Amino acid sequence: TQLLEQSPQFLSIQEGENLTVYCNSSSVFSSLQWYRQEPGEGPVLLVTVVTGGEVKKLKRLTFQFGDARKDSSLHITAAQPGDTGLYLCAGAGTSGTYKYIFGTGTRLKVLA
Amino acid sequence: NAGVTQTPKFQVLKTGQSMTLQCAQDMNHEYMSWYRQDPGMGLRLIHYSVGAGITDQGEVPNGYNVSRSTTEDFPLRLLSAAPSQTSVYFCASRAGIGSTEAFFGQGTRLTVV
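Chains A and B, in that order, are what the protein sequence lines are.
Each residue of the first sequence is one higher than the last, beginning at 579 in the numbering used here.
Each residue of the second sequence is one higher than the last, beginning at 419 in the numbering used here.
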């Protein structure tokens, strides 16, 4: 069974601070995604990374896929209250891209 | 642009009752999935479908049934509700093979008492 562990589970920071969220597994994934979920809503895709070592930037968010395609990180620069939410990583299982495994989630709160 | 629509949004059941959570998508997506979300556990895959007439089990399928008679609809049936099935349920769809983005419904919050 493939598992994705995220850390930290909870994070509360002041506006303007930087933070990094980690997504780790002992399994190899063909691709990995990051989603953000707001209260009462379903997750919304932020980015997909597919190549080992790949780095993608989305404004103040930087995503990296590990060289061995077993882990990923999300770095937020100068966090803002609008970044508050639940961040989830999801990996495409090796049995096929139709079966995604989700991480345990990181709940971020950015205080003004 | 409706996307993925789930009904109902909230439901309270008594132990032993049965019910069906509805999910419909209007994007002509091949792949559809059901997840449950519990605190500290992310989303866990219950069942999924790669096309009309084709379904398979995910990580936590026990106590749930699905069917996919049309491309648009993917209902999730709870046969005999148990308190352990109290959760938030999400339906998701993706275009098909090679597609990566999943589109989620707004969720159904189910409480079993």
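Watch out, some of these pointers could steer you wrong.
Stated by the list, open to error - Some chain B residues well away from chain A (every beta-carbon gap over 12 angstroms; in silico):
| # | residue |
| --- | --- |
| 1 | Val422 |
| 2 | Ala442 |
| 3 | Gln455 |
| 4 | Ser498 |
| 5 | Val506 |
To be verified - Simulated coverage check for chain A against chain B, where a stretch passes if three residues somewhere in it have a Cβ under 8 angstroms from a Cβ of chain B:
| # | segment |
| --- | --- |
| 6 | 586-597 |
| 7 | 616-627 |
To be verified - Sample of chain A residues lacking proximity to chain B, with all beta carbon distances greater than 10 angstroms (derived):
| # | residue |
| --- | --- |
| 8 | Leu582 |
| 9 | Ser605 |
| 10 | Ser609 |
| 11 | Gln611 |
| 12 | Glu632 |
| 13 | Leu639 |
| 14 | Asp645 |
| 15 | Lys648 |
| 16 | His653 |
| 17 | Thr662 |
| 18 | Ala670 |
| 19 | Lys677 |
Treat the hints as calculated values from the structure; they're not laboratory data.
Values in this document were obtained by computation on a predicted structure and should not be read as measured data.
Virtual Cβ for every residue (Gly too), placed ideally from N, Cα, C.
Structure-based check of each hint:
The non-interface label for B:Val422 is inconsistent with chain A: the shortest C-beta to C-beta separation is roughly 8 angstroms, within 12 angstroms. Separation of B:Ala442 from chain A is adequate, the least Cβ-Cβ distance of about 14 angstroms exceeding the 12 angstroms criterion. With a cut of 12 angstroms on Cβ distances, B:Gln455 falls inside the contact zone with chain A, its closest approach being about 9 angstroms. Every CB of chain A is more than 12 angstroms from the CB of B:Ser498 (nearest about 26 angstroms), matching its label as outside the interface.
A beta-carbon of chain A is positioned within 12 angstroms of the beta-carbon of B:Val506; the least distance is around 9 angstroms. By the rule of at least three residues with a Cβ nearer than 8 angstroms to a Cβ of chain B, the coverage given for the segment 586-597 of chain A is violated, with 1 such residues. Given a C-beta distance limit of less than 8 angstroms, the hint that chain B covers the segment 616-627 of chain A holds, as 7 residues qualify and 3 suffice. With a least beta-carbon separation of about 7 angstroms from chain B, A:Leu582 fails to lie farther than 10 angstroms from that chain, contradicting its non-interface assignment.
Every CB of chain B is more than 10 angstroms from the CB of A:Ser605 (nearest about 14 angstroms), matching its label as outside the interface. The beta carbon of A:Ser609 sits about 6 angstroms from the closest Cβ of chain B, which is not more than 10 angstroms, so the claim that it is off the interface is violated. Not every CB of chain B lies more than 10 angstroms from the CB of A:Gln611, the least distance being 6 angstroms, so the non-interface label is violated. With a cut of 10 angstroms on Cβ distances, A:Glu632 stays outside the contact zone with chain B, its closest approach being about 13 angstroms.
Look at A:Leu639: its CB is around 17 angstroms from the nearest CB on chain B, clear of 10 angstroms, so calling it non-interface holds up. Here A:Asp645 stays apart from chain B, with its beta-carbon at least about 20 angstroms from theirs, past the 10 angstroms limit. Interface exclusion of A:Lys648 from chain B stands, the closest Cβ pair being 17 angstroms apart, more than 10 angstroms. Distance to chain B confirms A:His653 as a non-interface residue, since its nearest Cβ pair spans about 20 angstroms, more than 10 angstroms.
Against the 10 angstroms criterion, A:Thr662 stays outside the reach of chain B, whose nearest CB is about 17 angstroms from its own CB. The beta carbon of A:Ala670 is not kept farther than 10 angstroms from every beta carbon of chain B, the shortest such distance being approximately 7 angstroms. Listed as outside the interface, A:Lys677 is inconsistent with that label: its C-beta sits roughly 6 angstroms from the nearest C-beta of chain B, within the 10 angstroms cut-off.
Hint compliance for this structure: hints 1, 3, 5, 6, 8, 10, 11, 18 and 19 are not met, and every other hint is.
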